[in-house]
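The lines below spell out each chain.
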Amino acid sequence: MKLGVKNVSFRYPSGVLALDDVSLEVPSGQVLGILGENGAGKTTLVKLFNGLLRPSQGQVHIGDWNTAEHSTAALAARVGFLFQNPDDQLFERTVAREVAYGPRNQGVSESEVQRRVQAALSLVGLQHEADSHPYDLPQPQRKLLALAATIAMQTPILVLDEPTIGQDEVGRKAIGRIVSKLHTMGRTLIMITHDVDFCAQHAQRILVMLKGKVHADGTASSILAQTKTLDQAQVAPPQLVRLAQALKMPAAPLTVEDFVDEYKQWRKKRKK
Amino acid sequence: MIRLKKFSYWYPASEQPALDRISFEIPEGQFLGIVGANGAGKSTLCYALSGFVPHFYNGELEGELSFDGTPIVELDLGKLAGQVGLVFQNSFNQISGARFTVREEIAFGLENLGLPRAEMKSRIEEALELVNIQELAERSPFSVSGGQQQRIAIASILAMQPRVLVLDEPTSQLDPEGTRDVFAALSKLVSTRKITVIIAEHKLEWLATFCDRVVALAGGKLRAEGSPQEVLSSEQMLRLGVGRTQYSEAAARLVRSKQLPVTLEQARKALR
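As you go down the protein sequences, you meet chains A and B in turn. If you number the first sequence the way the working numbering does, the last residue is 272 and the count never jumps. If you number the second sequence the way the working numbering does, the last residue is 1272 and the count never jumps.
No wet-lab data here; the hints were simulated from the structure. Quick reminder that beta carbons are idealized off the backbone N, C-alpha and C, glycines included. Take the hints with a grain of salt, since some may be wrong.
What the hints assert, rightly or not - Below, simulated DSS-like cross-link-like pairs (lysine-lysine); rule was C-alpha separation at most 30 Å, straight line:
#: 1; chain 1: B; residue 1: 1269; chain 2: A; residue 2: 268
#: 2; chain 1: B; residue 1: 1258; chain 2: B; residue 2: 1221
#: 3; chain 1: B; residue 1: 1121; chain 2: B; residue 2: 1194
#: 4; chain 1: B; residue 1: 1121; chain 2: A; residue 2: 264
#: 5; chain 1: B; residue 1: 1258; chain 2: A; residue 2: 268
#: 6; chain 1: B; residue 1: 1121; chain 2: B; residue 2: 1188
#: 7; chain 1: A; residue 1: 264; chain 2: A; residue 2: 248
#: 8; chain 1: A; residue 1: 228; chain 2: B; residue 2: 1188
#: 9; chain 1: A; residue 1: 228; chain 2: A; residue 2: 173
#: 10; chain 1: A; residue 1: 2; chain 2: A; residue 2: 173
#: 11; chain 1: A; residue 1: 264; chain 2: B; residue 2: 1269
#: 12; chain 1: A; residue 1: 272; chain 2: B; residue 2: 1258
#: 13; chain 1: B; residue 1: 1269; chain 2: A; residue 2: 228
#: 14; chain 1: B; residue 1: 1269; chain 2: A; residue 2: 248
#: 15; chain 1: B; residue 1: 1269; chain 2: A; residue 2: 272
#: 16; chain 1: B; residue 1: 1258; chain 2: A; residue 2: 269
#: 17; chain 1: A; residue 1: 268; chain 2: A; residue 2: 228
#: 18; chain 1: B; residue 1: 1258; chain 2: A; residue 2: 271
#: 19; chain 1: A; residue 1: 269; chain 2: B; residue 2: 1269
#: 20; chain 1: B; residue 1: 1269; chain 2: A; residue 2: 173
#: 21; chain 1: A; residue 1: 173; chain 2: B; residue 2: 1258
Stated by the list, open to error - Residues of chain A placed beyond 10 Å of chain B at every Cβ, according to the derived structure:
#: 22; residue: 93
#: 23; residue: 196
#: 24; residue: 222
#: 25; residue: 238
Claimed, not checked - Cβ-Cβ distance ranges computed for the label pairs, FRET-style:
#: 26; chain 1: B; residue 1: 1027; chain 2: A; residue 2: 54; range: 53 to 63 Å
#: 27; chain 1: B; residue 1: 1092; chain 2: A; residue 2: 127; range: 21 to 31 Å
#: 28; chain 1: B; residue 1: 1058; chain 2: A; residue 2: 180; range: 53 to 63 Å
#: 29; chain 1: B; residue 1: 1092; chain 2: A; residue 2: 133; range: 17 to 27 Å
#: 30; chain 1: B; residue 1: 1138; chain 2: A; residue 2: 180; range: 14 to 24 Å
#: 31; chain 1: B; residue 1: 1014; chain 2: A; residue 2: 105; range: 28 to 38 Å
#: 32; chain 1: A; residue 1: 133; chain 2: B; residue 2: 1239; range: 23 to 33 Å
#: 33; chain 1: A; residue 1: 92; chain 2: B; residue 2: 1238; range: 31 to 41 Å
Please work from the sequences and hints to get the whole structure.
Next up, the structure:
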């Protein structure tokens, strides 16, 4: 399902203008990474997608729906939302009940609810914790639980706010695999993150925000190579891009494999 | 000087120790990094090094943990608070909720120390400046972003001017600029005031750049200790779920070296 933002501005009651004339189209099935410093407007923007916030000006479309004409509850069937802090969205007594809550509220049959619970818990690796209390899990696992609960809603669009926060390397890789899997299932994924190396590996497209505006927008490989543009938005390029530039290599590789290939070619040319 | 000798700790009703016969020393004025996968014992070690274990969290202790030769069990948490500061992993847990503005929040701990007003004012200004949040001084600590709240939590502890500063993943929600600000501020405090800084983090590049020494935990046990390059470049970090920087990963495929690079500068030198 595609998503459209047209000339959207948003001002908080405090008077802070968090979004200033933002326009954006996200085609169905795309993995979009949103980068930008704290306070750039990233979270405000994505909260408009499921009606948690309503634009002060402009329009947001989720598929053929204008969000102004639909309740947050109705929009929840189209846009799943993983909060930055999982504790903002966990409240049930067991892990299984937590994951079942969303689909059950959508009126899905009980057998389908159970199927979705098992599938979502297996996907995030929490199938053995079904009877545990959510708050008996450490925070990184609570984040995975919140992700499972979001996935079980089977919304065509998923917003992940800082999915890798607090995760160790194993957790980051697990979330990377989940993102890839959801992408192959055709879901539209929108990730807000400061983890630029994660974005380099998993996002197809990158949007950089600065002071409530879209500062840069393009493919991951083109945007992450533009160090000056990223610098202006206080975003550090991925480690491999910085290393390639420090070595004065002509390429801006995003994965270790690409870096190794580019490096070998560059060395060969230099020897000639 | 902090000394741990075969120090073990069990949370109440737990059969497995969260910390298992840990021995090492932290000299005054050291910038120490703690790495480990989630559940390795990093947070528990932070609690122990700040006196929350055993004075807030009950449970069983074995072995020795002492500050300047005095066993931790003989020190009272109130007195320790003036000497040792702990920045919690989740800043929401740290903000008092009893103050209306950021400035008042930072003053909260100082009021409890009974400091004169002029001294409090100068410490507050300095703490605001150290983490670059002067413009938030009159805002509510709850009306800011997660990253900004994390900086407020750090500022409120810095203002206490502890001799030992323990930080549990203090930059998880910060953008790269914010992370650099915090590490640079801590580094400055170590070099100018000789305070001891102990930081648990997943951001390996920053630990490698700023720390004097790194310890690695797994399953509550101390698995490695040494210089950042020694510890963080080793293959053991992959087995422990800590991971390595992309610089190490790229260099591991391209150069034969006793010690892989872990920072940009080291990688540039190794691959130029």
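Quick rundown of the hints versus the structure:
no., hint, in the structure
1, 1269/B with 268/A, "18 Å, holds"
2, 1258/B with 1221/B, "25 Å, holds"
3, 1121/B with 1194/B, "23 Å, holds"
4, 1121/B with 264/A, "57 Å, violated"
5, 1258/B with 268/A, "24 Å, holds"
6, 1121/B with 1188/B, "21 Å, holds"
7, 264/A with 248/A, "14 Å, holds"
8, 228/A with 1188/B, "28 Å, holds"
9, 228/A with 173/A, "29 Å, holds"
10, 2/A with 173/A, "27 Å, holds"
11, 264/A with 1269/B, "16 Å, holds"
12, 272/A with 1258/B, "29 Å, holds"
13, 1269/B with 228/A, "23 Å, holds"
14, 1269/B with 248/A, "12 Å, holds"
15, 1269/B with 272/A, "21 Å, holds"
16, 1258/B with 269/A, "27 Å, holds"
17, 268/A with 228/A, "28 Å, holds"
18, 1258/B with 271/A, "25 Å, holds"
19, 269/A with 1269/B, "19 Å, holds"
20, 1269/B with 173/A, "29 Å, holds"
21, 173/A with 1258/B, "27 Å, holds"
22, 93, "20 Å, holds"
23, 196, "7 Å, violated"
24, 222, "19 Å, holds"
25, 238, "7 Å, violated"
26, 1027/B with 54/A: 53 to 63 Å, "56 Å, holds"
27, 1092/B with 127/A: 21 to 31 Å, "29 Å, holds"
28, 1058/B with 180/A: 53 to 63 Å, "44 Å, violated"
29, 1092/B with 133/A: 17 to 27 Å, "20 Å, holds"
30, 1138/B with 180/A: 14 to 24 Å, "45 Å, violated"
31, 1014/B with 105/A: 28 to 38 Å, "36 Å, holds"
32, 133/A with 1239/B: 23 to 33 Å, "31 Å, holds"
33, 92/A with 1238/B: 31 to 41 Å, "36 Å, holds"
In summary, the structure is inconsistent with hints 4, 23, 25, 28 and 30 from the numbered list given earlier, while agreeing with the others.
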